[in-house]
Amino acid sequence: MPILLLLPNLVTITGLCAGLTAIRFIMVDRLDYAAMLIIFAAAIDGLDGLIARRLNAQSTFGAELDSLADFLNFGVVPSLMVYHFALAGTYTTNWVFVLVYTICACLRLARFNTNRDTPPPPGTKPHFVGVPAPGGAMLALLPMFVGFLGLADFSDWSLAYGIYLALVGLLMTSRIPTISAKAMRIPRDKTVFVLIGMAIAIGLLVTRFWLLMVLAGAGYAVVTLWAIAAYLRGKRP
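Residue numbers for the sequence shown follow this note's numbering, beginning at 1 and rising by one.
Hints may contain errors.
As the list claims (entries may be wrong) - Quick list of the computed label-pair ranges, beta carbon to beta carbon:
id, residue 1, residue 2, range
1, L204, T14, 19 to 27 Å
2, A43, I163, 24 to 32 Å
3, G234, N56, 36 to 44 Å
4, D29, A110, 31 to 39 Å
5, A43, L99, 34 to 42 Å
6, E64, V192, 35 to 43 Å
7, W226, A88, 30 to 38 Å
8, T93, T191, 47 to 55 Å
9, A88, L167, 39 to 47 Å
10, N113, L151, 33 to 41 Å
11, G150, E64, 34 to 42 Å
12, S59, R111, 19 to 27 Å
13, A110, L149, 30 to 38 Å
Honestly, the hints are just simulated from the structure, not real lab data. Even glycine gets a Cβ: it sits at the ideal position worked out from N, Cα and C.
Generate the whole structure from the sequences, applying the supplied hints.
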């Protein structure tokens, strides 16, 4: 087998190793390093599928491997991080919130697998059904990012954080259409602003990392709330 055909699976394994290593950092109370690894896994998520399509190397094995990696990286690890950050050592029932989020992530990925080859309804833009697993992980960790930035300490709000975690899990299993990058289009006369925005993002990445994560997470939260509002008004993509 040509080594290039293994490249998509190598990317998936890289993300999986990041998630497993994040668990190691949770155990030594370095949640900042664990969060960085999950962000890295989210950043490269989707690259394996893109590379596989470019190389014509799609396979059922690769698709299942990617789904299992997503469950660990965006289902198991974020809930363990939140539990260690805010829920452990308070009320024992807080573990229920961890279970709800993790099971919802599992159900969301199982539904995605069964509908992977189902064509979208005619006349609709590409979109996700429910919040995708990487997006759910970023929403779940957003209060933690705020804490790393030093704006607020949500570890003292254990019950509120637990309820928030469970709600994010329920959003992943919902039928609410959420934004997909495949549907995003940039007018040609506005591309310069996108390029400048990328320069700003890279600058924040190397100077104020957690500020960038808070801005990105808050932006995605606003877009998700907009999608929820549109769904409740009866609008469809």
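Hints and how they fare:
1. The beta-carbon spacing between L204 and T14, approximately 24 Å, falls within the hinted interval of 19 to 27 Å.
2. Checked against the hint of 24 to 32 Å, the C-beta distance between A43 and I163 comes to roughly 28 Å, which is consistent with it.
3. The beta-carbon spacing between G234 and N56, approximately 41 Å, falls within the hinted interval of 36 to 44 Å.
4. Look at D29 against A110: about 32 Å separates their beta carbons, and that is inside 31 to 39 Å.
5. With their beta carbons about 27 Å apart, A43 and L99 fall outside the hinted range of 34 to 42 Å.
6. For E64 and V192, the hinted distance range of 35 to 43 Å is satisfied, since their beta carbons lie about 41 Å from each other.
7. For the pair W226 and A88, the supplied restraint of 30 to 38 Å holds, since their beta-carbon distance comes to about 34 Å.
8. Our hint of 47 to 55 Å for T93 and T191 holds, since their Cβ atoms are close to 51 Å apart.
9. Remark: the range hint 39 to 47 Å for A88 to L167 is contradicted by a beta-carbon distance near 20 Å.
10. As the Cβ distance of N113 to L151 is approximately 38 Å, the hint placing it in 33 to 41 Å holds.
11. Between G150 and E64 the beta carbons are some 41 Å apart, a value that agrees with the proposed interval 34 to 42 Å.
12. Separation of S59 from R111 is about 21 Å and conforms to the stated range, judged on CB atoms against 19 to 27 Å.
13. Separated by about 35 Å at the C-beta atoms, A110 and L149 satisfy the suggested range of 30 to 38 Å.
Of the numbered hints given earlier, the model fails hints 5, 9; all others are met.
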